[in-house]
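Sequential numbering from 1 applies to the sequence shown in UniProt numbering.
Do not take every clue at face value.
[Said to hold, decoys possible] Restraint ranges, calculated between C-beta atoms of paired labels, are given here:
#, residue 1, residue 2, range
1, Pro63, Ile42, 13 to 23 Å
2, Asp81, Thr122, 33 to 43 Å
3, Asp5, Phe46, 40 to 50 Å
4, Asn139, Asp52, 38 to 48 Å
5, Pro162, Glu33, 29 to 39 Å
6, Gly41, Ser154, 46 to 56 Å
7, Asn139, Ile100, 32 to 42 Å
8, Glu10, Pro63, 45 to 55 Å
[What the hints assert, rightly or not] Mimicking DSSO-like on lysine-lysine, the simulated pairs with C-alpha atoms at most 27 Å apart in a straight line are:
#, residue 1, residue 2
9, Lys62, Lys135
10, Lys106, Lys20
11, Lys20, Lys148
Derived by calculation from the structure, the hints in this document are not laboratory data.
We put the beta carbon where it would ideally sit given N, CA and C, even for glycine.
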Amino acid sequence: FEIFDFNSFEQLCINFTNEKLQQFFNHHMFILEQEEYKREGIQWTFIDFGLDLQACIDLLEKPLGILSILEEESMFPKATDKSFEEKLKTNHLGKSPNFIKPKPPKPGQAEAHFAIVHYAGTVPYNLTGWLEKNKDPLNDTVVDQLKKASNALSVEIFLDHPGQSGAPDTGGKGGKRAKGSGFLTVSGL
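Modelling step: build the complete structure from the supplied sequences, incorporating the hints.
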């Protein structure tokens, strides 16, 4: 779990993953174990550990959750960090107990745009650059490796992507494909 002076998209991804792992652990160790005790007839007083993290998980992954809004905003060419921030606050501030206003920054510290109450603590997030980070284009070296993969589908998908070489790799078979012909669905192959 990460809580730094400056928390960005990477910290949100790490913290979201840890939130889901902790929820999985809590459910299996505290809920399912106690249910098994009951099934086996073991004398047991049910204990509510109060560790349901679903509200925070929903804030992040549900439709109109933070990740969904980020994905939607990333598709709009004119979207900005400010428009993303406004959509988040419109949809969640005052509506989700896990989405709150951040504390004012300490001197020399970057301003946070919002904070999320995670199981491990409240984390202030600065969303500067999240839209660009979410686009995450493939590295040309990765594309070149996918063009040479043993998996025919991978090769087909990336055949017309320029990669480092700048031209489609024909795999030594000669001939070139028509530009733009790489957009085939899996069912079209």
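_Check the structure against each numbered hint from earlier and tell me which ones fail, lowest number first._
When the structure is compared with the hints, numbers 1, 2, 5, 8, 10, 11 turn out to be violated.
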